[in-house]
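There are 2 protein chains.
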Amino acid sequence: MLSKAKVKYLNSLKSKKFRQKYNNFVAEGDKIAIEILKNAQNPNAAFSIEIEAIYGLSDWIKNHQDLLQPFQAIIAEVDNATLKKISSLQTPNQVLIVLKQFDFDLPTAQIQTNLTLLLDEIQDPGNLGTIMRIADWFGIPNVICSTNCADAYNPKTIQATMGAFLRVRTFRLNLTEFCRNFSALPVYGAVLGGENLFQTKLNKNALIVIGNEGKGISPDMIQQLTHRIEIPANGQAESLNAAIATGIICAAFRNL
Amino acid sequence: MLSKAKVKYLNSLKSKKFRQKYNNFVAEGDKIAIEILKNAQNPNAAFSIEIEAIYGLSDWIKNHQDLLQPFQAIIAEVDNATLKKISSLQTPNQVLIVLKQFDFDLPTAQIQTNLTLLLDEIQDPGNLGTIMRIADWFGIPNVICSTNCADAYNPKTIQATMGAFLRVRTFRLNLTEFCRNFSALPVYGAVLGGENLFQTKLNKNALIVIGNEGKGISPDMIQQLTHRIEIPANGQAESLNAAIATGIICAAFRNL
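Those sequence lines, one after another, are chains A and B.
Note that the numbering used here has the first sequence beginning at 1, numbered continuously upward.
Note that the numbering used here has the second sequence beginning at 1, numbered continuously upward.
You may find that some hints are simply not true.
Given that identical chains are not distinguished, each listed pair holds provided it fits within a single copy or across any two copies.
Said to hold, decoys possible - With a straight-line cut-off of 25 Å between C-alpha atoms, the simulated DSS-like cross-links for lysine-lysine are:
1) K6 to K100
2) K215 to K38
3) K62 to K6
4) K100 to K215
5) K201 to K31
6) K14 to K156
7) K31 to K17
Just so you know, these hints were derived from the structure itself, not from any lab.
Being a predicted model, the structure only gives us computed values, none of them experimental.
Produce the complete structure using the sequences and hints provided.
Right, dumping it as structure tokens:
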């Protein structure tokens with residue numbers, strides 16, 4: 001049984017304010033929990049993670065004794081009713097893990113020799129997580145979020161990443177400043193009237209700007225673009241979802 | 001003011017059962033409402049739509065008199081509190097329109113000379129709508145949903161289409177039977193170990209199968225595939241979101 005104060009604390013992590021205050025975040029569900037526990041014990045993991053606490057149903061804990069071995073001190077058993085109280089999911093799924101937020105140094109050399117996504121005010125946490133999942137798929141190691149992006153530690157973001165948050169580094173930075181610091185790299189972004197993505201010379205080391213769901217790329221960032229591209233349309237739709245556009249653009253860059 | 005019975009009726013349309021009973025569905029918000037009203041008066045629209053009723057805030061109605069001219073008989077003014085009661089949106093947005101469900105004949109000749117998406121148990125209404133939006137973008141005129149797909153008339157689907165439901169025809173059919181009826185067309189589907197999408201010969205007239213979010217393409221439909229493809233990965237992610245995969249595959253087909 002958790003104390004009322006503990007339940008209140010865990011509940012508070014649904015809001016960004018308290019995640020920032022406590023410098024942590026929550027990941028939920030059987031599948032992602034197993035991935036987290038394996039990752040924490042994997043010497044070849046992309047980066048190290050720090051688990052603060054594990055809240056699991058009695059059966060779940062029993063069924064995962066091996067994986068849980070190193071974490072005995074931070075496991076708490078909860079019942080269904082308590083899990084429901086602390087969960088962000090409509091249907092809580094057996095286990096909830098609290099992790100420390102990451103504090104990465106900017107991997108300058110890696111950015112100079114890779115693709116990097118620059119998210120210019122992606123608003124929807126689900127889209128942000130889906131974009132991290134796309135980065136993971138295409139082996140894009142770093143995602144830079146503008147300071148007005150959705151929170152990368154939002155529970156909806158974490159769920160949508162499907163584990164990508166264990167492999168893709170996210171940063172929250174001023175994007176125009178970032179571009180100035182990497183001025184040797186070409187900067188691609190999709191804008192109306194841009195050059196056909198599939199006919200553009202794509203560079204394997206580059207910055208790719210993804211614009212806001214409604215407004216597209218901001219005027220400040222438009223100025224940073226060295227290559228204005230467009231996903232060719234055959235229909236009458238006005239726009240593509242931001243995550244869909246990201247998927248298509250990343251696929252084109254990886255098909256070099 | 002709407003009667004209690006009318007509010008109850010409109011509320012019932014949030015459930016598939018009642019949408020089927022009344023053979024209609026709901027679209028909401030300023031932007032899509034304007035698109036619907038323009039579409040209803042456009043002789044070149046992809047297909048005709050039938051508006052059953054329009055529920056708008058007083059200001060909204062006042063500001064769109066021109067567009068609303070032909071629909072005077074079916075407009076009802078509602079206040080904010082009533083709109084909130086009948087809306088599926090967290091933040092109701094000025095207007096809600098009830099439309100008749102579509103009853104299309106299968107455009108056999110068009111299917112034989114186009115790309116067609118076959119959705120094999122897409123579960124999430126938002127994904128379904130996003131996929132329709134992708135079809136719209138790439139000018140794919142028909143989307144065939146398996147009988148166990150999410151409902152194409154779910155309010156979340158309609159919102160996610162961003163108007164694509166006005167241009168893309170959806171059908172709800174048995175997919176294996178559908179494939180047998182179009183046996184002259186190649187059938188593509190993404191499976192683990194398939195041929196690199198970007199190195200596969202793609203046909204401009206084809207059926208493209210999109211699998212379920214968790215389970216992928218069903219065993220029955222795997223048997224229908226004539227071309228097993230794969231989106232090449234560079235990272236360690238296990239899978240891509242179904243709508244993201246659809247976007248990448250459709251872009252590859254359109255880049256012929």
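Find the hints from earlier in the document that the structure breaks and name them by number, from lowest to highest.
4, 5 and 7
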